[in-house]
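Student: With chain A held as given, fit chains B and C onto it using these hints.
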Amino acid sequence: MTGGTKSVMAALTLVVASALIYGAIHAFDPYTVSIIGFVGVNIILAVSLNITNGYIGLFSLGHPAFMTIGGYLSAILVMAPERKAVMLKSLPDMLVTQHWPFLPALLAGGLLSAATAVIVGFPVLRLRGHYLAVATLGLIFIVQSFAVNLSGITRGALGLSGLSALTNLWWVYLFVALTIYVCWQLKHSSLGRTMLAIRENELAASCLGINVARTRVLAFALGAFFAGIGGGLWVHLVTLISPNSFTFLMAFQLVVMVVLGGTGSITGAAIVAVILTISTEFLRPVEEAAGLFGASQMIVAVVVLLVLIFRPTGLFGTAEPDLFAWTRKFTRRPDPSHGSQP
Amino acid sequence: MGSAYILSQIVNGVILGSMYALIAIGFTMIYGIVRLINFAHGDIFTMGAFTTLASLALIGLPFPVALVVVVLTGALFGVVIERIAFRPMRGAPQVTGFIASLAVAIILENLLVMTISAQPRVFLVPEYLNRLVSTGVITIRVIDLAIVALAIVLMIALVFFVHFTKVGIAMRATAENYDVARLMGINIDRMIMLAFAIGSGLAAVSGLMWGSKYGQISPFMGLLPGLKAFVAAVIGGVGSIPGAVVGGYVLGLSEVLFVGLLPPEYSGYRNAFVFGALIVVLLVMPNGLLGRNTETRA
Amino acid sequence: MLRIEDVHVRRGGTHALRGISMTVNAGEIVALIGANGAGKTTTLATISGLLRPESGTLSYARCAEAAPIDIGRMRAEQIVQAGISHCPEGRQVFAALSVTENLRIGAYLRHDRAAIDADIADLQTQFPILRTRANVPGDRLSGGEQMMLVIGRALISRPKLLLLDEPSLGLAPQLVEQIFDILERLRREGMTILLVEQNAAMALDIADRAYVLEAGKIVLEGTGKDLAGNADVQRAYLGAA
Numbered sequence: 000m001t002g003g004t005k006s007v008m009a010a011l012t013l014v015v016a017s018a019l020i021y022g023a024i025h026a027f028d029p030y031t032v033s034i035i036g037f038v039g040v041n042i043i044l045a046v047s048l049n050i051t052n053g054y055i056g057l058f059s060l061g062h063p064a065f066m067t068i069g070g071y072l073s074a075i076l077v078m079a080p081e082r083k084a085v086m087l088k089s090l091p092d093m094l095v096t097q098h099w100p101f102l103p104a105l106l107a108g109g110l111l112s113a114a115t116a117v118i119v120g121f122p123v124l125r126l127r128g129h130y131l132a133v134a135t136l137g138l139i140f141i142v143q144s145f146a147v148n149l150s151g152i153t154r155g156a157l158g159l160s161g162l163s164a165l166t167n168l169w170w171v172y173l174f175v176a177l178t179i180y181v182c183w184q185l186k187h188s189s190l191g192r193t194m195l196a197i198r199e200n201e202l203a204a205s206c207l208g209i210n211v212a213r214t215r216v217l218a219f220a221l222g223a224f225f226a227g228i229g230g231g232l233w234v235h236l237v238t239l240i241s242p243n244s245f246t247f248l249m250a251f252q253l254v255v256m257v258v259l260g261g262t263g264s265i266t267g268a269a270i271v272a273v274i275l276t277i278s279t280e281f282l283r284p285v286e287e288a289a290g291l292f293g294a295s296q297m298i299v300a301v302v303v304l305l306v307l308i309f310r311p312t313g314l315f316g317t318a319e320p321d322l323f324a325w326t327r328k329f330t331r332r333p334d335p336s337h338g339s340q341p
Numbered sequence: 000m001g002s003a004y005i006l007s008q009i010v011n012g013v014i015l016g017s018m019y020a021l022i023a024i025g026f027t028m029i030y031g032i033v034r035l036i037n038f039a040h041g042d043i044f045t046m047g048a049f050t051t052l053a054s055l056a057l058i059g060l061p062f063p064v065a066l067v068v069v070v071l072t073g074a075l076f077g078v079v080i081e082r083i084a085f086r087p088m089r090g091a092p093q094v095t096g097f098i099a100s101l102a103v104a105i106i107l108e109n110l111l112v113m114t115i116s117a118q119p120r121v122f123l124v125p126e127y128l129n130r131l132v133s134t135g136v137i138t139i140r141v142i143d144l145a146i147v148a149l150a151i152v153l154m155i156a157l158v159f160f161v162h163f164t165k166v167g168i169a170m171r172a173t174a175e176n177y178d179v180a181r182l183m184g185i186n187i188d189r190m191i192m193l194a195f196a197i198g199s200g201l202a203a204v205s206g207l208m209w210g211s212k213y214g215q216i217s218p219f220m221g222l223l224p225g226l227k228a229f230v231a232a233v234i235g236g237v238g239s240i241p242g243a244v245v246g247g248y249v250l251g252l253s254e255v256l257f258v259g260l261l262p263p264e265y266s267g268y269r270n271a272f273v274f275g276a277l278i279v280v281l282l283v284m285p286n287g288l289l290g291r292n293t294e295t296r297a
Numbered sequence: 000m001l002r003i004e005d006v007h008v009r010r011g012g013t014h015a016l017r018g019i020s021m022t023v024n025a026g027e028i029v030a031l032i033g034a035n036g037a038g039k040t041t042t043l044a045t046i047s048g049l050l051r052p053e054s055g056t057l058s059y060a061r062c063a064e065a066a067p068i069d070i071g072r073m074r075a076e077q078i079v080q081a082g083i084s085h086c087p088e089g090r091q092v093f094a095a096l097s098v099t100e101n102l103r104i105g106a107y108l109r110h111d112r113a114a115i116d117a118d119i120a121d122l123q124t125q126f127p128i129l130r131t132r133a134n135v136p137g138d139r140l141s142g143g144e145q146m147m148l149v150i151g152r153a154l155i156s157r158p159k160l161l162l163l164d165e166p167s168l169g170l171a172p173q174l175v176e177q178i179f180d181i182l183e184r185l186r187r188e189g190m191t192i193l194l195v196e197q198n199a200a201m202a203l204d205i206a207d208r209a210y211v212l213e214a215g216k217i218v219l220e221g222t223g224k225d226l227a228g229n230a231d232v233q234r235a236y237l238g239a240a
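Chains as they are written, first to last, in numbering that gives the first Met the number 0: chain A, 0 to 341; chain B, 0 to 297; chain C, 0 to 240.
Next comes chain A alone, as it looks inside the complex (with noise of 0.2 Å):
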């Protein structure tokens, strides 16, 4: 393809996906379209653990203590002096006058989740394999007992309730664009490579001159900063957050997206992140009538099992399957898979 079709068909995705978005908030009622924006709230949050987990090798838990730190931060942010007056009396000064919009209010939720991820990551990504996924679920913890703690900030265990519903469908997908559009860059530049290489070989990376631990912090941050949007978009959605908001259970919800999808693979984990969160939401009303709570979980669990017994690599491997190769009749597909262990 060359740059001028490239821009074209660039524009194109742009328009039809407008028209989508549009058509789609104007279409369907106000709980399908809730539906459609945590589609797309838990593809930002799938893609992004993917840098961590996948591309660079480091099993973290962390995510959902990052959108807890991302959702409260912009609700506070976003939320009205008057309110704060009410509903959080010993806020400091400083926070109780601000009155951010909800952009800058997001974008900052996702800078102090990666500043954090920075100093907690140069310690704790020393850690190897699941030793590292246990300190990162550990960090979930601690971030938790902060946010029923500090209930001058937070309001305790109450948590933050009645936020405006700012997250609508335009926001959301804005930020899934962006998030594919760095994860997909990434992982086609030197750095994304860079990456690649410590997974696979982490002594070698080090001897060709690579600093691993900076790498491995900047992949965690990464990843810590679109959880902390896709958190504020998460509590702007549901208008709610609490310090049990965001649990282990959201985590492991998260790496099943990453694992079954493929570790390493973009498409993999959002288009896994579609199916379940579709599922979930169909199987939701099923358990309900049946009186069965719990089945959808115990389902999505044993698929995770069934899939690390016999497709240990996911659906897709590290691998970007062409979805658009159907359009060229003439060109025979490769077979996306890289097979399964012998």
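Since the hints were derived computationally from the structure, they do not count as laboratory data.
For clarity, every value in this text was computed on a predicted model and none was experimentally measured.
Where is the CB? At the ideal position from N, CA and C, for every residue including glycine.
Not one of these hints is a red herring.
Below, a sample of chain C positions facing chain B; criterion: calculated Cβ distance under 8 Å:
id, residue
1, SER47
2, LEU49
3, VAL79
4, HIS85
5, PRO87
6, GLU100
7, TYR107
Tutor: Chains B and C alone, transformed into the frame defined by chain A:
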């Protein structure tokens, strides 16, 4: 703060430590032999608590019989989970096993939610276990003494088994090197199964103790004690059974004293304290107090 | 005692053994020599059941009267039970187990407690180091001491056939002499030994017969003396000009 108060805090710490230690032993045994952090271990603990409740309240078994039933049920759960979920993944990257154990944990929790609902249940022990014993300085319940005594007996039995029986030695050999163990004629599948059985049985007993001590159980009760027991195992040195015991008591005591001795506004940071300690220990002494060389660091 | 016919083994993606055939007769020391990667260790691992052959037969009879059994499909534990003991490459003592525990685990499949104790005492007499350092963890022994321990651990299962992988690796020359003396003594006591060695000169010197393995195939066979005199062998493995 009187000395009686401090003493009773220490006693509480020892009780909590006993329960952590029993869970941590299973973590460490399973990690030692298959290099798996078994996230579902805390749910075996939960299963133990519910099995006790069922044996006591539903079937009406005497407490000591219920104890045996709980150990056997826990062991059975461990063996079945290993066979179905973990054995097919042997040899895969370590993180794969960890994700599988997360999935198993979710399955077990939801199984309980589906069958007996997410509501917490009252857990009653026989009257004679609730009687008070006064030692002059402090007064404690019989069950508190029983918990500590049982934990110590079980730990001594385990150390004896692992060090002085042929099967125990074979288990340690398997933990070290599968191939060489096979060349000695050891069936490693059986050893792994045994490690899961023993570790899970101990976790189930710990669940029984937890219910007896705190009087309430729920399907999600295992999450935090399970994770904290992992912290205990790390403090002691993952893979080392004496380390798990020491780590359990160190963590139980310091957690209780953290809450009991600091001003009340800090007590909410209990979990932050425990997981902060985990991160610090992993960084400062990755082999823990008693561990051999491990591979925590990247 | 052991007859291997046309055995193929794949290991990972590579075709490590490409149809090897060899025999080991009772009471013999048979040496298997060859370069790194020729398939010597793979051969031993296949005999002891750590690896499965893709095709071919491995038949083994523990004594002249016994009917030969097919060990190609048996599990490693069953093969130990049948009387084959394998000392793997790199010594591989159990580092966390004490010296005595290492010996006891060698007798894992035996149940005659008193006889095991007697055998351990016997070994401690032959190798005094096993007594003086009985309670020391295995990894605290020196390389030569570890080799003694590994041989002792293999003998305590009372094998009929001993598979030895590179016993001289990384040991000082006088220790290597000592190890070969032990092998000589074992042969006098009626043990059958299949020996894999880098040190081809010593291996051919002690061996009744020998095989040369190259890229997964047997390229030469003969008595130890014949092969030691063979010009190709001298050039490739004995460092002759």
